[in-house]
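There are 2 protein chains.
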Amino acid sequence: MKPTPQYRSDCPINYALETFGDKWSLLIIRDLIFQGKKNYGEFLNAEEKISTNILANRLEKLELEGLISKSSDPDNHAKKVYRLSSKGIDLLPMLIEMMAWSAQYDQHTGCPVEFSNQLKADKQSLIAQLKQQLIKS
Amino acid sequence: MKPTPQYRSDCPINYALETFGDKWSLLIIRDLIFQGKKNYGEFLNAEEKISTNILANRLEKLELEGLISKSSDPDNHAKKVYRLSSKGIDLLPMLIEMMAWSAQYDQHTGCPVEFSNQLKADKQSLIAQLKQQLIKS
Numbered sequence: 001m002k003p004t005p006q007y008r009s010d011c012p013i014n015y016a017l018e019t020f021g022d023k024w025s026l027l028i029i030r031d032l033i034f035q036g037k038k039n040y041g042e043f044l045n046a047e048e049k050i051s052t053n054i055l056a057n058r059l060e061k062l063e064l065e066g067l068i069s070k071s072s073d074p075d076n077h078a079k080k081v082y083r084l085s086s087k088g089i090d091l092l093p094m095l096i097e098m099m100a101w102s103a104q105y106d107q108h109t110g111c112p113v114e115f116s117n118q119l120k121a122d123k124q125s126l127i128a129q130l131k132q133q134l135i136k137s
Numbered sequence: 001m002k003p004t005p006q007y008r009s010d011c012p013i014n015y016a017l018e019t020f021g022d023k024w025s026l027l028i029i030r031d032l033i034f035q036g037k038k039n040y041g042e043f044l045n046a047e048e049k050i051s052t053n054i055l056a057n058r059l060e061k062l063e064l065e066g067l068i069s070k071s072s073d074p075d076n077h078a079k080k081v082y083r084l085s086s087k088g089i090d091l092l093p094m095l096i097e098m099m100a101w102s103a104q105y106d107q108h109t110g111c112p113v114e115f116s117n118q119l120k121a122d123k124q125s126l127i128a129q130l131k132q133q134l135i136k137s
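For the protein sequence lines, the chains are U and R, in the order given.
Heads up: the first sequence at position 26 corresponds to 26 in this note's numbering, and the numbers run straight through without jumps.
Heads up: the second sequence at position 14 corresponds to 14 in this note's numbering, and the numbers run straight through without jumps.
Next up, chain U with everything else stripped away, as it sits in the complex:
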């Protein structure tokens, strides 16, 4: 039986922070959502240089929290592939707000101009469109 995570309080913001709110977990979720990454090696290649032990730890934690699921790669059974659960996909609106905030305040943001414009013009359609793609993938 998997252990049940314990939280510091029942505050909804604290729950979110303890579930995915560290400097690495959300980057893994970013890579699953926006980069189409699916396996360990791909996550390891992130620009922010995540270490192997932190990556393994965070993947395990995200799986325990029900944000991602792990299965065998149909082309290579020794290889694992990770997918977002609906609980993980539902982080999309929050991530989009996070990106919109950064695009507004970070002078050096790497948020593509086209994406940023679409964000400003119609955030809800963008979220719906991305969600549809994720459910299909």
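Certain hints may be false.
[Said to hold, decoys possible] These stretches of chain R come out as covered by chain U in the derived footprint (C-beta under 8 Å, 3 or more residues):
{"hint": "1", "segment": "79 to 93"}
{"hint": "2", "segment": "101 to 114"}
[Unchecked claim] Heads up, simulated DSS-like pairs for lysine-lysine below, C-alpha to C-alpha not over 25 Å straight-line:
{"hint": "3", "chain 1": "U", "residue 1": "Lys120", "chain 2": "R", "residue 2": "Lys123"}
{"hint": "4", "chain 1": "U", "residue 1": "Lys49", "chain 2": "U", "residue 2": "Lys70"}
{"hint": "5", "chain 1": "R", "residue 1": "Lys23", "chain 2": "U", "residue 2": "Lys87"}
{"hint": "6", "chain 1": "R", "residue 1": "Lys120", "chain 2": "U", "residue 2": "Lys123"}
{"hint": "7", "chain 1": "R", "residue 1": "Lys23", "chain 2": "U", "residue 2": "Lys61"}
{"hint": "8", "chain 1": "U", "residue 1": "Lys23", "chain 2": "R", "residue 2": "Lys87"}
{"hint": "9", "chain 1": "R", "residue 1": "Lys70", "chain 2": "R", "residue 2": "Lys87"}
{"hint": "10", "chain 1": "R", "residue 1": "Lys87", "chain 2": "U", "residue 2": "Lys120"}
{"hint": "11", "chain 1": "U", "residue 1": "Lys23", "chain 2": "R", "residue 2": "Lys23"}
{"hint": "12", "chain 1": "R", "residue 1": "Lys120", "chain 2": "U", "residue 2": "Lys120"}
{"hint": "13", "chain 1": "R", "residue 1": "Lys87", "chain 2": "U", "residue 2": "Lys123"}
If you are wondering where the hints come from, they were derived from the structure by calculation, not from laboratory data.
We treat Cβ as the ideally placed atom computed from N, Cα and C, and that holds for glycine.
Once you have looked at the hints, place chain R on chain U.
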């Protein structure tokens, strides 16, 4: 001159995470937004039991990142009061999405039912209303 923070990449999600994305910074922002807390002693009383050294460190970091400002309490000059900047207030939509997500997935959420219902019924009005209150305070 204050040092300029350095970031691991120019990804907008990474910027957000490095600016406020640790398990404590966002709880301080939560307390400023939703609890009307303003000073060190009030933040220290949070249910999640933040330690004095982490609290001092995170307040300094949030100030350096321009999310909060520090001034002397007009009633007691030795005492400091903290206020959100507009950059800090603009985290509101993201926090609201975070709460909505937790209210949906955390069985033990402390998100008040009334607030949760208002969230579902009209998120945009709720954000506008809270923002107005914060700007006035």
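Evaluation of the provided hints:
With 4 residues bearing a CB less than 8 Å from a CB of chain U, the segment 79 to 93 of chain R meets the requirement of three and the coverage assertion stands. Counting residues of the segment 101 to 114 of chain R whose C-beta lies closer than 8 Å to any C-beta of chain U gives 10; at least three are required, and the coverage claim holds. Our distance criterion of 25 Å between C-alpha atoms is met by U:Lys120 and R:Lys123, whose separation comes to about 17 Å. The straight-line distance between the Cα atoms of U:Lys49 and U:Lys70 is roughly 22 Å, inside the 25 Å bound, and the hint therefore holds.
A hinted pair counts as satisfied when its Cα atoms are at most 25 Å apart, and R:Lys23 with U:Lys87 qualifies at roughly 20 Å. For the given pair, R:Lys120 sits about 17 Å from U:Lys123 by alpha-carbon distance, which is consistent with the 25 Å threshold. Proximity of R:Lys23 to U:Lys61 is assessed by CA-CA distance (about 15 Å); at most 25 Å being required, the pair is judged to hold. Proximity of U:Lys23 to R:Lys87 is assessed by CA-CA distance (about 20 Å); at most 25 Å being required, the pair is judged to hold.
Between R:Lys70 and R:Lys87, the direct Cα distance comes to roughly 14 Å. Compliance with the 25 Å bound is thereby established for this hinted pair. In summary, the hint linking R:Lys87 to U:Lys120 is supported, as the alpha carbons are separated by about 17 Å, within the 25 Å threshold. Simply put, U:Lys23 and R:Lys23 have alpha-carbon atoms about 9 Å apart, close enough for the 25 Å limit, and the pair holds. Using a Cα cut-off of 25 Å, the hinted pair R:Lys120 and U:Lys120 holds, with the two alpha carbons roughly 22 Å apart.
For a cut-off of 25 Å, the pair hint linking R:Lys87 to U:Lys123 stands: about 20 Å separates their Cα positions.
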